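A.B. asks: In the working numbering, the protein residues as written are 218 to 368.
Just so you know, these hints were derived from the structure itself, not from any lab.
A quick note: this is a predicted structure, and the numbers were derived from the prediction, not measured.
Beta carbons are placed, not taken as given, at the ideal position from N, Cα and C, and that holds for glycine.
Accuracy of the hints is not assured; some may be wrong.
List of simulated lysine-lysine pairs, BS3-like, C-alpha gap at most 27 angstroms [what the hints assert, rightly or not]:
id: 1; residue 1: K326; residue 2: K244
id: 2; residue 1: K244; residue 2: K316
id: 3; residue 1: K312; residue 2: K326
id: 4; residue 1: K316; residue 2: K326
For each label pair, taking beta carbons as the anchor points, the in silico distance ranges come out as [what the hints assert, rightly or not]:
id: 5; residue 1: T284; residue 2: T262; range: 16 to 24 angstroms
id: 6; residue 1: G362; residue 2: Q221; range: 15 to 23 angstroms
id: 7; residue 1: A285; residue 2: E325; range: 35 to 43 angstroms
id: 8; residue 1: G241; residue 2: K316; range: 41 to 49 angstroms
id: 9; residue 1: G241; residue 2: S267; range: 18 to 26 angstroms
id: 10; residue 1: R329; residue 2: A290; range: 16 to 24 angstroms
id: 11; residue 1: E269; residue 2: R328; range: 43 to 51 angstroms
id: 12; residue 1: A285; residue 2: Q221; range: 36 to 44 angstroms
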Amino acid sequence: MFEQFAAQARQAMHRAVEESGRRGDRKVSTDHLLIGILHDSAITTEVGASLEAARCAADGLDREALTAIGVDAAAFGLLKSAAGGARPPFTPGAKAVLKRTLAHAATEKSRRIETRHMLQALRERRAPDPAAELLAVLQTAAEHGRPADGS
């Protein structure tokens, strides 16, 4: 399937893996896929949020989740990137997004899987999926004209 990805979609996949490492995560999740496709300017326009806004919002959502279970994220300081090595596995949600991405491309009879197909699949996700929550924060921030920091 990977050979069917257009260059930008392939780059988005690599950037999703990099994002999971940057955030110190052991698996590639749907929020990493979303951040990966936000390197594409057409996607940032479609979503109405920048890559940096999405990263800030994802960080805010992580802080909220940790606070909800009584963990003060500030006490730990900045995370180091996950150590290099084998490519991290994809979560079941991320795998489902990739299947739906392929389905969207097939429905269009597209010869290539594009980042827009990935966005369509990500938009189908529902909370508590990480990408669904991140998209909701970004949309709410855009509607209210405020930064998307997850708060």
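A.B. asks: For each hint, tell me whether it holds in the structure or not.
C.D. replies: Structure-based check of all given hints:
1. Distance check on the hinted pair: K326 and K244 sit about 31 angstroms apart at the alpha-carbon level, beyond 27 angstroms; violated.
2. For a cut-off of 27 angstroms, the pair hint linking K244 to K316 stands: about 17 angstroms separates their Cα positions.
3. In summary, the hint linking K312 to K326 is supported, as the alpha carbons are separated by about 21 angstroms, within the 27 angstroms threshold.
4. Restraint check: the Cα-Cα separation between K316 and K326 comes to about 15 angstroms, which is no more than 27 angstroms; the hinted pair holds.
5. At roughly 33 angstroms, the beta carbons of T284 and T262 sit outside the given window of 16 to 24 angstroms.
6. Remark: the range hint 15 to 23 angstroms for G362 to Q221 is contradicted by a beta-carbon distance near 39 angstroms.
7. With their beta carbons about 40 angstroms apart, A285 and E325 fall inside the hinted range of 35 to 43 angstroms.
8. The supplied range of 41 to 49 angstroms is broken by G241 and K316, whose beta-carbon atoms lie about 27 angstroms from each other.
9. The beta-carbon spacing between G241 and S267, approximately 22 angstroms, falls within the hinted interval of 18 to 26 angstroms.
10. Between R329 and A290 the Cβ separation comes to about 40 angstroms, which falls outside the hinted range of 16 to 24 angstroms.
11. Between E269 and R328, the C-beta spacing of about 33 angstroms breaks the proposed range 43 to 51 angstroms.
12. At roughly 40 angstroms, the beta-carbon separation of A285 and Q221 lies within the given 36 to 44 angstroms, and the hint holds.
Violated hints for the displayed structure, listed by number in ascending order: 1, 5, 6, 8, 10, 11.
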